[in-house]
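**Q** Place chain B on chain A using the hints.
There are 2 protein chains.
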Amino acid sequence: MAANEEIQLAKRPEGMPTEENFRFVETEVPELEEGQVLVKSIYISVDPYMRGRMSDAKSYVAPYEVDAPISGGVVGQVTESQSDKFQKGDYVLGNLPWARYSAVNAETLQKVDPELGPVSTALGVLGMPGLTAYFGLTDIGEPKSGETVVVSGAAGAVGSTVVQIAKILGARVVGIAGSPKKLDYVKNTLGADEVINYKEEDVAKALEKACPDGVDVYFDNVGGPVSDAVYPLLNAHARIPLCGSISSYNKKEDQGPRIHGYLVKSKAKMQGFIVADYSERFTEGKKQLSEWFKQDKLTFEENVVDGFENVPDAFLGLFKGENLGKQLVKVAEAE
Amino acid sequence: MAANEEIQLAKRPEGMPTEENFRFVETEVPELEEGQVLVKSIYISVDPYMRGRMSDAKSYVAPYEVDAPISGGVVGQVTESQSDKFQKGDYVLGNLPWARYSAVNAETLQKVDPELGPVSTALGVLGMPGLTAYFGLTDIGEPKSGETVVVSGAAGAVGSTVVQIAKILGARVVGIAGSPKKLDYVKNTLGADEVINYKEEDVAKALEKACPDGVDVYFDNVGGPVSDAVYPLLNAHARIPLCGSISSYNKKEDQGPRIHGYLVKSKAKMQGFIVADYSERFTEGKKQLSEWFKQDKLTFEENVVDGFENVPDAFLGLFKGENLGKQLVKVAEAE
Numbered sequence: 001m002a003a004n005e006e007i008q009l010a011k012r013p014e015g016m017p018t019e020e021n022f023r024f025v026e027t028e029v030p031e032l033e034e035g036q037v038l039v040k041s042i043y044i045s046v047d048p049y050m051r052g053r054m055s056d057a058k059s060y061v062a063p064y065e066v067d068a069p070i071s072g073g074v075v076g077q078v079t080e081s082q083s084d085k086f087q088k089g090d091y092v093l094g095n096l097p098w099a100r101y102s103a104v105n106a107e108t109l110q111k112v113d114p115e116l117g118p119v120s121t122a123l124g125v126l127g128m129p130g131l132t133a134y135f136g137l138t139d140i141g142e143p144k145s146g147e148t149v150v151v152s153g154a155a156g157a158v159g160s161t162v163v164q165i166a167k168i169l170g171a172r173v174v175g176i177a178g179s180p181k182k183l184d185y186v187k188n189t190l191g192a193d194e195v196i197n198y199k200e201e202d203v204a205k206a207l208e209k210a211c212p213d214g215v216d217v218y219f220d221n222v223g224g225p226v227s228d229a230v231y232p233l234l235n236a237h238a239r240i241p242l243c244g245s246i247s248s249y250n251k252k253e254d255q256g257p258r259i260h261g262y263l264v265k266s267k268a269k270m271q272g273f274i275v276a277d278y279s280e281r282f283t284e285g286k287k288q289l290s291e292w293f294k295q296d297k298l299t300f301e302e303n304v305v306d307g308f309e310n311v312p313d314a315f316l317g318l319f320k321g322e323n324l325g326k327q328l329v330k331v332a333e334a335e
Numbered sequence: 001m002a003a004n005e006e007i008q009l010a011k012r013p014e015g016m017p018t019e020e021n022f023r024f025v026e027t028e029v030p031e032l033e034e035g036q037v038l039v040k041s042i043y044i045s046v047d048p049y050m051r052g053r054m055s056d057a058k059s060y061v062a063p064y065e066v067d068a069p070i071s072g073g074v075v076g077q078v079t080e081s082q083s084d085k086f087q088k089g090d091y092v093l094g095n096l097p098w099a100r101y102s103a104v105n106a107e108t109l110q111k112v113d114p115e116l117g118p119v120s121t122a123l124g125v126l127g128m129p130g131l132t133a134y135f136g137l138t139d140i141g142e143p144k145s146g147e148t149v150v151v152s153g154a155a156g157a158v159g160s161t162v163v164q165i166a167k168i169l170g171a172r173v174v175g176i177a178g179s180p181k182k183l184d185y186v187k188n189t190l191g192a193d194e195v196i197n198y199k200e201e202d203v204a205k206a207l208e209k210a211c212p213d214g215v216d217v218y219f220d221n222v223g224g225p226v227s228d229a230v231y232p233l234l235n236a237h238a239r240i241p242l243c244g245s246i247s248s249y250n251k252k253e254d255q256g257p258r259i260h261g262y263l264v265k266s267k268a269k270m271q272g273f274i275v276a277d278y279s280e281r282f283t284e285g286k287k288q289l290s291e292w293f294k295q296d297k298l299t300f301e302e303n304v305v306d307g308f309e310n311v312p313d314a315f316l317g318l319f320k321g322e323n324l325g326k327q328l329v330k331v332a333e334a335e
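As given, the protein sequences belong to chains A and B, one line each in that order. Each step along the first sequence adds one to the number in full-length UniProt numbering, with nothing skipped, and position 326 is 326. Each step along the second sequence adds one to the number in full-length UniProt numbering, with nothing skipped, and position 315 is 315.
It should be emphasised that the hints constitute simulated quantities derived from the structure, not laboratory data. Careful, some of the hints might be misleading.
[Stated by the list, open to error] With beta-carbon atoms standing in for the labels, derived distance ranges:
1. His237/A x Lys85/B: 28 to 38 Å
2. Ala68/A x Phe319/B: 54 to 64 Å
3. Pro13/A x Asp313/B: 52 to 62 Å
4. Lys199/B x Asn197/A: 43 to 53 Å
5. Val304/B x Ile168/A: 53 to 63 Å
6. Phe319/B x Pro212/A: 33 to 43 Å
7. Lys297/B x Gln255/A: 41 to 51 Å
8. Lys85/A x Ala236/B: 25 to 35 Å
9. Thr138/B x Ile168/A: 27 to 37 Å
10. His237/A x Gln87/B: 30 to 40 Å
11. Ala236/B x His237/A: 18 to 28 Å
Where a beta carbon is used, it is the ideal one built from N, C-alpha and C, also for glycine.
Bound conformation, chain A alone (with noise of 0.2 Å):
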């Protein structure tokens, strides 16, 4: 069998990450104990809040150790099993060092369904992002049939899964993103209503022109200056779930406008949430995504970088906001 080969955090970054934060390290394949599997990893996603697991201030997840793996979100096969609850050839998913073959307690795993879909979509819309988008969406943003949801991020793994739905529930939606590909992949492929593209235009005035009956919902992937353009047209009682804040992820002293007041005069609700959270309706979540997939009413994009030696380029793309939808490294064939 081929050696083992695993990622580490070299050094935490300042600011921006760069390549000399990552160090690949040749190991052994691991030796089962009793209850576990070796899984061979087969996609491996790069996400944006890792970028906050990379420093060691407190979160609500843990930081990354300096000269240890990095893990995350990976789709693999069991290639041997010590477990009655795997058997060889099973597809899983688990939070798993970014390796080649890890030895994982089966109790940790996930089982992946291909009949519900690819499996890599474990990791995208079947998966974390897409139930990012479909409870924070349904449980805190709650838009009413006619109402307006503004989505920033709309071309992202979550975003564009906030924008179908959004389109499902029956709302008017304004999807907010980076590049014209991107305003083309929102407004053509996903249906949003209306597209601003944020770095170049008035974002203010964008809205206020697409947004003329204001903002009953404000799903919000990014925080920053293009949230602070959204504030202002808020609807009373209008809702905004909070997911992210790519913006600030890698600034320190963050300043905009207080936005205290008008959460007051809107009346408005600003929530935080981790999908996490919902861990007790998964399995719904799931069973609907799938169900609107199968539809063709839902549907995604994965950007699939090829080889393990590829991982941190990845990743460190998604800084560069080019990504369309869910940015995953293919890093070996299914068996």
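**A** Coordinates of chain B only, in the frame set by chain A:
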């Protein structure tokens, strides 16, 4: 019957208002139309939000008109009635002009029950400030026994009630206010566990010390730098009811740290509200507050100035930050 008198807005203030913004005008006691009652003002309420209405900026209440009477919360007594709803001698609460006598459509008045407490409390602990505290804290804040509740503006009409309700509900309470006299009141009369003087202490350090288990509920009466110091201490699923932002009422461009990231990290909920949102539950709220009041669990402070001629001064005094509890002007004796 004595002649009537009213107080008009003479001109809009620039920055801090002065005596020159007010004008006393002698008028006639009005004749009643069908459905109206004549109300003799007894207690006139002066409130910080009125500063906002003196400008012509857009807000959730319309601006006062220049050369027309200023209006606000008044408790009065019916001296003549052309309505089945009220009899001579009844106490009423309404949004009335600053005048000795007003002819008012009976439908716009609420009856004040003197059995619930002194009639002046209809403008304080059993009125809008008390109900704001009650609904904001219990419906949005939802403190659980043992949780930490931080209250800014803790010596004010709303804040002082929040402190006491949070204690009734079993929370650990940290009150923030701006003078030794206020801190003494918040700690020794209202029963807060810890108090912080935002004018003299490093609020961030003092909060860290006063909240070793973090902050579960932040009842925010002020916004601005005091609030900035609270956000980093929010616990998972913290709740922040927002009912005012007095620190920014006179500032056009108010900048501060972006709070987005804090809300995501702590999965916190921040919700603006105004007490009118709960109008269907006012009877419930008044009953609960009156019960606590009669059980000596709820106390309140009224700062009562005598004389109609002193209404503008009492209003201007609000911005000197010296008022403890509710500021009222007694303009006549009950009959």
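**Q** Should the hint that Val304/B and Ile168/A are 53 to 63 Å apart at their CB atoms be regarded as holding?
**A** Given about 59 Å between the Cβ atoms, the range holds.
**Q** Given the hint of 25 to 35 Å, is the C-beta distance from Lys85/A to Ala236/B inside that range or not?
**A** holds, 30 Å
**Q** Just tell me: holds or violated, for the beta carbon distance of Ala236/B and His237/A against 18 to 28 Å?
**A** holds, 25 Å
**Q** Does the beta carbon distance between Lys199/B and Asn197/A stay inside 43 to 53 Å, or does it fall outside?
**A** holds, 46 Å
**Q** A range of 54 to 64 Å was offered for this pair. Does it hold for the Cβ distance of Ala68/A and Phe319/B?
**A** For Phe319/B against Ala68/A, whose Cβ atoms are near 56 Å apart, the range 54 to 64 Å holds.
**Q** Is it true that the C-beta distance of His237/A to Gln87/B lies inside 30 to 40 Å, as the hint says?
**A** holds, 39 Å
**Q** Indicate whether the distance between the beta carbons of Pro13/A and Asp313/B respects the range 52 to 62 Å.
**A** Taking Cβ atoms as reference, Pro13/A and Asp313/B lie about 58 Å apart, which means the hint holds.
**Q** For the range 33 to 43 Å, tell me whether the beta carbons of Phe319/B and Pro212/A fit it or not.
**A** Given a distance of about 38 Å, which is inside 33 to 43 Å, the answer is holds.
**Q** Take the C-beta atom of Thr138/B and the C-beta atom of Ile168/A, compute their distance, and say whether it sits inside 27 to 37 Å.
**A** holds, 35 Å
**Q** With 28 to 38 Å as the target window, see if His237/A and Lys85/B comply at their CB atoms.
**A** holds, 31 Å
**Q** Does the beta carbon distance between Lys297/B and Gln255/A stay inside 41 to 51 Å, or does it fall outside?
**A** Given about 42 Å between the Cβ atoms, the range holds.
Checked against the numbered hints listed earlier, the structure breaks none of them; every hint is satisfied.
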